[in-house]
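S.K.: Chain residues, written in single-letter form:
Protein chains: 2
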Amino acid sequence: MSPSSDGPDFSRGDGLIPAIAQDATSGDVLMMAYMNAESYAETLATGRAVYFSRSRGKLWRKGEESGHVQIVEGVFVDCDADTILLKVKQVGDAACHTGYRSCFYRQVTADGLKEVGHRVFDPATVYKKP
Amino acid sequence: MSPSSDGPDFSRGDGLIPAIAQDATSGDVLMMAYMNAESYAETLATGRAVYFSRSRGKLWRKGEESGHVQIVEGVFVDCDADTILLKVKQVGDAACHTGYRSCFYRQVTADGLKEVGHRVFDPATVYKKP
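From first to last, the protein sequence lines are chains A and B. For the first sequence, the positions run 16 to 145 when our numbering is used. For the second sequence, the positions run 16 to 145 when our numbering is used.
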C-alpha cells in the first residue's frame with residue numbers, strides 16, 4: 016500500500032509536512048504548524064493535536080503549557096498527501112500564543128498590517144515566566 | 016520597518032512560505048500551496064492567487080489553464096509572518112486539479128482514507144491533453 020493510500024506521506028522533504036488546524040464549528044483557520052510521522056501518530060492515538068516544533072526540535076503537544084489543547088474531530092489529507100487538515104475543538108477558544116483566537120489575526124492592507132482578530136487572553140497570565 | 020510589520024517574511028527558509036486558500040463564503044479550506052515574494056506581489060497586484068510551483072520551479076497562476084482562478088478577497092499573515100491565509104472566491108467552484116472542491120477531500124478513518132468531498136468537474140474535460 017502506498018503511503019498516500021492510507022495517510023499522509025512523510026517521505027517527502029525532511030519528514031515534516033504542514034498541518035492546518037481549523038475550528039470544526041466556526042470554520043476559522045486557527046494556525047498552521049508542522050507534523051512528523053511521530054507527532055501524527057500521537058495525534059491519532061490521543062485525539063489531541065501534536066505538532067513538531069521546528070524551533071525546539073521536538074514534539075509539541077499543543078496546549079501542554081497553556082491548557083489550550085486542540086481536540087481533534089477530523090483529519091484530512093490533500094490530493095498529494097503532503098498536507099494535513101485537522102478539524103479541531105479549540106479548548107480555551109484561542110489557538111495563538113499571542114492570545115488571539117487565530118494566528119491569522121492580521122490582515123494585509125494598503126496601510127500595512129491591521130489587527131482584525133479577537134484577543135481571548137493575555138499571554139502574560141497564561142504563560143508563567145520562571 | 017521589519018518584514019513582519021507590513022507583510023509576510025520571505026527571508027526564512029528557502030524563500031517559499033505556505034499559503035492556505037480558504038473559501039471566503041463557506042469557510043472551506045480549499046488548498047495549501049507555496050508563495051515566494053514574486054508570487055505574493057503579483058497576487059496583491061492582480062487580486063488573483065498566484066503561487067510558486069515547487070515541482071515546476073516557476074510561478075503558478077492558479078486557474079490559468081482550467082479557468083478556475085481564485086479571486087482574492089482578503090490576505091492575512093500569521094503571528095510569525097511565515098504563513099499566509101488567503102480568503103478567496105473560487106471560480107468554477109473547484110480548487111483541486113482532481114475536480115474536487117477542496118484538495119482535502121479525503122478523511123483519515125480507521126479503514127484508511129475515505130473520500131468525503133464533493134467532485135465538481137471531471138479533470139479529463141478541463142485539462143486538455145496535447
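Keep in mind that the hints are not guaranteed to be accurate.
Identical copies go unnamed one by one, so any copy, or any two together, can satisfy a pair.
Lysine to any residue pairs mimicking SDA-like chemistry, simulated, CA-CA at most 25 Å apart [stated by the list, open to error]:
no.	residue 1	residue 2
1	K104	A60
2	K73	V135
3	K73	S26
4	K104	S26
5	K129	E57
6	K129	R71
7	K73	G22
8	K129	A52
9	K104	G132
10	K73	K129
11	K73	G127
12	K73	V131
13	K129	L74
14	K129	S68
15	K73	L128
16	K129	R69
17	K104	D38
18	K104	A125
19	K104	G22
20	K129	W75
21	K129	E80
22	K104	L128
23	K73	H133
24	K104	G28
25	K104	R63
26	K129	D97
Worth flagging that the hints you see were computed from the coordinates, not collected in a lab.
S.K.: Confirm or reject each hint.
M.R.: Do the hints match the structure? See the list:
no., hint, verdict
1, K104 x A60, "within (16 Å within a copy, 36 Å between copies)"
2, K73 x V135, "neither (27 Å within a copy, 40 Å between copies)"
3, K73 x S26, "both (18 Å within a copy, 23 Å between copies)"
4, K104 x S26, "neither (29 Å within a copy, 33 Å between copies)"
5, K129 x E57, "between (36 Å within a copy, 21 Å between copies)"
6, K129 x R71, "neither (29 Å within a copy, 34 Å between copies)"
7, K73 x G22, "within (22 Å within a copy, 28 Å between copies)"
8, K129 x A52, "between (36 Å within a copy, 20 Å between copies)"
9, K104 x G132, "both (18 Å within a copy, 21 Å between copies)"
10, K73 x K129, "neither (33 Å within a copy, 30 Å between copies)"
11, K73 x G127, "neither (34 Å within a copy, 27 Å between copies)"
12, K73 x V131, "neither (32 Å within a copy, 33 Å between copies)"
13, K129 x L74, "neither (32 Å within a copy, 28 Å between copies)"
14, K129 x S68, "neither (27 Å within a copy, 29 Å between copies)"
15, K73 x L128, "neither (31 Å within a copy, 28 Å between copies)"
16, K129 x R69, "neither (27 Å within a copy, 30 Å between copies)"
17, K104 x D38, "both (6 Å within a copy, 20 Å between copies)"
18, K104 x A125, "between (34 Å within a copy, 20 Å between copies)"
19, K104 x G22, "within (22 Å within a copy, 29 Å between copies)"
20, K129 x W75, "neither (29 Å within a copy, 28 Å between copies)"
21, K129 x E80, "neither (29 Å within a copy, 34 Å between copies)"
22, K104 x L128, "between (28 Å within a copy, 22 Å between copies)"
23, K73 x H133, "neither (29 Å within a copy, 37 Å between copies)"
24, K104 x G28, "neither (29 Å within a copy, 31 Å between copies)"
25, K104 x R63, "within (9 Å within a copy, 32 Å between copies)"
26, K129 x D97, "between (31 Å within a copy, 16 Å between copies)"
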